[in-house]
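Engineer: Given next are the chains, with one letter for each unit.
There are 2 protein chains.
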Amino acid sequence: MALIVQKFGGSSVANAERVMNVASIVTDTYRQGNDVIVVVSAQGDTTDDLIEKAFELNSKPSKREMDMLLTAGEQMSVALLAMAIEKIGCPVVSLLGWQAGFNTTSTYGTARIKSIKADRMKAELDKRNIVVVAGFQGINKYDDLTTLGRGGSDTSAVAIAAALHADRCQIYTDVEGVYTADPRKVEGARKLPEITYDEMLELATLGAQVLNTRSVEMAKKYNVEIEVLSSLNKASGTIVKDGSKMEKMLVRGVAKDTDVARISVTGMPNTPGVAFRLFGKLAQRKINVDIILQSVGRDGTKDITFTVSKANAEDAVEAIRSSFDLDEDAISCDTNIAKVSIVGAGMESHPGTASKMFEALFEEDINIDMISTSEIKISVLIDANDADRAVSAVHKAFLPEE
Amino acid sequence: MALIVQKFGGSSVANAERVMNVASIVTDTYRQGNDVIVVVSAQGDTTDDLIEKAFELNSKPSKREMDMLLTAGEQMSVALLAMAIEKIGCPVVSLLGWQAGFNTTSTYGTARIKSIKADRMKAELDKRNIVVVAGFQGINKYDDLTTLGRGGSDTSAVAIAAALHADRCQIYTDVEGVYTADPRKVEGARKLPEITYDEMLELATLGAQVLNTRSVEMAKKYNVEIEVLSSLNKASGTIVKDGSKMEKMLVRGVAKDTDVARISVTGMPNTPGVAFRLFGKLAQRKINVDIILQSVGRDGTKDITFTVSKANAEDAVEAIRSSFDLDEDAISCDTNIAKVSIVGAGMESHPGTASKMFEALFEEDINIDMISTSEIKISVLIDANDADRAVSAVHKAFLPEE
Numbered sequence: 006m007a008l009i010v011q012k013f014g015g016s017s018v019a020n021a022e023r024v025m026n027v028a029s030i031v032t033d034t035y036r037q038g039n040d041v042i043v044v045v046s047a048q049g050d051t052t053d054d055l056i057e058k059a060f061e062l063n064s065k066p067s068k069r070e071m072d073m074l075l076t077a078g079e080q081m082s083v084a085l086l087a088m089a090i091e092k093i094g095c096p097v098v099s100l101l102g103w104q105a106g107f108n109t110t111s112t113y114g115t116a117r118i119k120s121i122k123a124d125r126m127k128a129e130l131d132k133r134n135i136v137v138v139a140g141f142q143g144i145n146k147y148d149d150l151t152t153l154g155r156g157g158s159d160t161s162a163v164a165i166a167a168a169l170h171a172d173r174c175q176i177y178t179d180v181e182g183v184y185t186a187d188p189r190k191v192e193g194a195r196k197l198p199e200i201t202y203d204e205m206l207e208l209a210t211l212g213a214q215v216l217n218t219r220s221v222e223m224a225k226k227y228n229v230e231i232e233v234l235s236s237l238n239k240a241s242g243t244i245v246k247d248g249s250k251m252e253k254m255l256v257r258g259v260a261k262d263t264d265v266a267r268i269s270v271t272g273m274p275n276t277p278g279v280a281f282r283l284f285g286k287l288a289q290r291k292i293n294v295d296i297i298l299q300s301v302g303r304d305g306t307k308d309i310t311f312t313v314s315k316a317n318a319e320d321a322v323e324a325i326r327s328s329f330d331l332d333e334d335a336i337s338c339d340t341n342i343a344k345v346s347i348v349g350a351g352m353e354s355h356p357g358t359a360s361k362m363f364e365a366l367f368e369e370d371i372n373i374d375m376i377s378t379s380e381i382k383i384s385v386l387i388d389a390n391d392a393d394r395a396v397s398a399v400h401k402a403f404l405p406e407e
Numbered sequence: 006m007a008l009i010v011q012k013f014g015g016s017s018v019a020n021a022e023r024v025m026n027v028a029s030i031v032t033d034t035y036r037q038g039n040d041v042i043v044v045v046s047a048q049g050d051t052t053d054d055l056i057e058k059a060f061e062l063n064s065k066p067s068k069r070e071m072d073m074l075l076t077a078g079e080q081m082s083v084a085l086l087a088m089a090i091e092k093i094g095c096p097v098v099s100l101l102g103w104q105a106g107f108n109t110t111s112t113y114g115t116a117r118i119k120s121i122k123a124d125r126m127k128a129e130l131d132k133r134n135i136v137v138v139a140g141f142q143g144i145n146k147y148d149d150l151t152t153l154g155r156g157g158s159d160t161s162a163v164a165i166a167a168a169l170h171a172d173r174c175q176i177y178t179d180v181e182g183v184y185t186a187d188p189r190k191v192e193g194a195r196k197l198p199e200i201t202y203d204e205m206l207e208l209a210t211l212g213a214q215v216l217n218t219r220s221v222e223m224a225k226k227y228n229v230e231i232e233v234l235s236s237l238n239k240a241s242g243t244i245v246k247d248g249s250k251m252e253k254m255l256v257r258g259v260a261k262d263t264d265v266a267r268i269s270v271t272g273m274p275n276t277p278g279v280a281f282r283l284f285g286k287l288a289q290r291k292i293n294v295d296i297i298l299q300s301v302g303r304d305g306t307k308d309i310t311f312t313v314s315k316a317n318a319e320d321a322v323e324a325i326r327s328s329f330d331l332d333e334d335a336i337s338c339d340t341n342i343a344k345v346s347i348v349g350a351g352m353e354s355h356p357g358t359a360s361k362m363f364e365a366l367f368e369e370d371i372n373i374d375m376i377s378t379s380e381i382k383i384s385v386l387i388d389a390n391d392a393d394r395a396v397s398a399v400h401k402a403f404l405p406e407e
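Taken in order, these protein sequences are the chains called B and V.
Each residue of the first sequence is one higher than the one before, counting from 6 in my numbering.
Each residue of the second sequence is one higher than the one before, counting from 6 in my numbering.
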């Protein structure tokens, strides 16, 4: 008898029919003799609807109250899924994040899991109950509800798999697995049977929106094998696992991310500590900075260019304006850009990968604004209008149709 | 500085505009220097919508999962009201039933409050926060969410007022107070400035749907003065309080209840213990019986007639059928009936009240099926079609326009 953790996202439980479909996947697994813990997100557009309701009343609600509001979303979906499972005739119990023992930090909106007190889940499994757990949520030391941030249900699932040493952690989505590129847009894109944690991390960060980054980090840390698969059919998915057991591919996939804003600050004094102060201010506001480029201008001043997510752009500009005495036009912000990246664990031992990527872009006449590289990733920042063409060209260069 | 508990029902927070209205009532009270605890129900039709969603999946969901589902309703409304109060600029914190310390029995769907651990509420008041509490809900000894049953938010408010020795408990509704009869239907019906707990209890039980019965019982037990008033205007409401401080009125009001089913059982053996066995079976199923009439038939068998709420009728018939060996036509159930009642603490010392009521009905040619009396109440069971005429006639007889 194995312990299997299954996670279903909002679109997988968007309506009664889909909830019944999930219930049937879950009960099939249970009836094969397995212990099953199911993690669910809020139904379909519930979270967005709730956010809209909040903004009708208050354009800047506190994050604590926002978490109080949003956690109701998963509460409804766990209850509904439990009812659907009852209907099929299997014993089931639904648990909220705090009931399942999710203790988190106190940062409302983006809390991190500190520990899982799994007694209740274990007790329910011992009673042979299917356990349906509300993803995305937990409780902090003040006994207040917190959320793990968007995509947090993946993290909830992996955390449970780690805490209870589950035999498998299945993340059901509306795609069949992880692809070499977006199959709706790139001809020749194909499903990967497996991928390493590191590659998946780069792809997740880079906008291949299959798995939440934190969940992959956690899976890597606790060595939880994740299977990404579709709730809509029975095709085999993609296994995300430790790289040491896998063949290294030069390039595993090509990703596009359009949630990028580029902020340029010119005319900063060329003295030590300027960059530290600038990025310190952003860190205080919990703004993640991605690519950074720093250069010294001709007049001896510093120019600093960096990228953040679009949602943080305004806040970042404001932070800099209020901390530095700068001319009105010294800060510019461009959101019509995209980041295109190739990811592959084989890259680190294979020189010339970058130049091959740049060549593919050059041949398509696509201008590169910024470049960023890691051991297993190369990213370029380009005009958003060129992004799809860029992905296709790069995909063709590295992953030609077999 | 006074501590004021205010309760707002679902229709008072049905949309953004009304939530803002409630926020302004609450913050006005707070800014006058008072400590304020606000109890809210789920918004408008939320509860009904959730029940419908549940039934789409499972026509007989477990009560535990139903409570898990429904408690999300108040969770959303406390968060939204807190955001509206933040918008106005007052410090506020929302608390779920379990966070506010509501420990209940384990009967899902109709749990009773066992105790309130008020530490958190007190701590928040000490920080000068307005405390918004989710009504209708609590937690049982298994750490599972429970609901107090429909109208339970009134009980939540009174329980808080009792636990924290509040100076006032205001129940805001969409009517201005308690009336001598339904003002939409009875000419000359007027608002009562005050009413005793016992009178209110009889009226609440009898279908004057202003206050939940349990809440009045609890208010009486802990001597909490309740003020019933409208959230839509500033008119003074009705005070519900201890009768010893009040003038006794012969008849305080006339109520109509159409949620009545009359079940007749004929041909029961005329042996001791038959009634005990019958009503014991109903009690086991937690079916409340209201009026009971027992007579011995000509052939020496017993006939028993009683009333229950419509929702319990089918269950009651089933209970009797499975416990007694009766002819197919020995049990009949009639739901086209209504109960009309007069209530007044002065009645007990004033003979002739019943005959005056019967006379008023006789003059309207209304047939009386069953009669039930208590010290402060007289109820008659009549044809549902006659109910409104009966209320008007009785109201005119006892409470003529001033």
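Keep in mind the hints are simulated off the structure, nothing from the lab.
It cannot be assumed that every hint is accurate.
Which copy is meant is left open, so a pair is good if it fits within one copy or across any two.
When the alpha-carbon atoms are kept at most 27 Å apart in a straight line, the in silico DSS-like pairs for lysine-lysine are as follows [as the list claims (entries may be wrong)]: (1) Lys361 with Lys127; (2) Lys58 with Lys190; (3) Lys146 with Lys127; (4) Lys250 with Lys122; (5) Lys146 with Lys132; (6) Lys146 with Lys361; (7) Lys196 with Lys307; (8) Lys122 with Lys146; (9) Lys190 with Lys68.
Engineer: Each hint should be assessed against the structure and marked as holding or not.
Structural biologist: Outcome of the hint check:
1. In this assembly of identical chains, the alpha carbons of Lys361 and Lys127 never lie at most 27 Å apart, being 52 Å within a copy and 67 Å across copies at closest.
2. For the identical chains of this complex, Lys58 and Lys190 are neighbours neither inside a copy (34 Å) nor across copies (36 Å), given an alpha-carbon limit of 27 Å.
3. When the C-alpha separation of Lys146 and Lys127 is checked against a cutoff of 27 Å, the pair qualifies both within a copy, at 22 Å, and between copies, at 18 Å.
4. For the identical chains of this complex, Lys250 and Lys122 are neighbours neither inside a copy (31 Å) nor across copies (54 Å), given an alpha-carbon limit of 27 Å.
5. Taking the shortest Cα distances, Lys146 and Lys132 sit within 27 Å of each other only across copies (18 Å), while inside one copy they are farther apart (29 Å).
6. Within a single copy, Lys146 and Lys361 get their C-alpha atoms no closer than 51 Å, and across copies no closer than 65 Å, so neither meets the 27 Å cut-off.
7. In the homo-oligomer, the alpha carbons of Lys196 and Lys307 never lie at most 27 Å apart, since the shortest distance is 45 Å inside one protomer and 76 Å across protomers.
8. Taking identical chains as interchangeable, the C-alpha atoms of Lys122 and Lys146 lie at most 27 Å apart whether they share a chain (13 Å) or sit on different chains (18 Å).
9. For the homomeric pair Lys190 and Lys68, neither the shortest alpha-carbon distance inside one copy (36 Å) nor that between copies (47 Å) is at most 27 Å.
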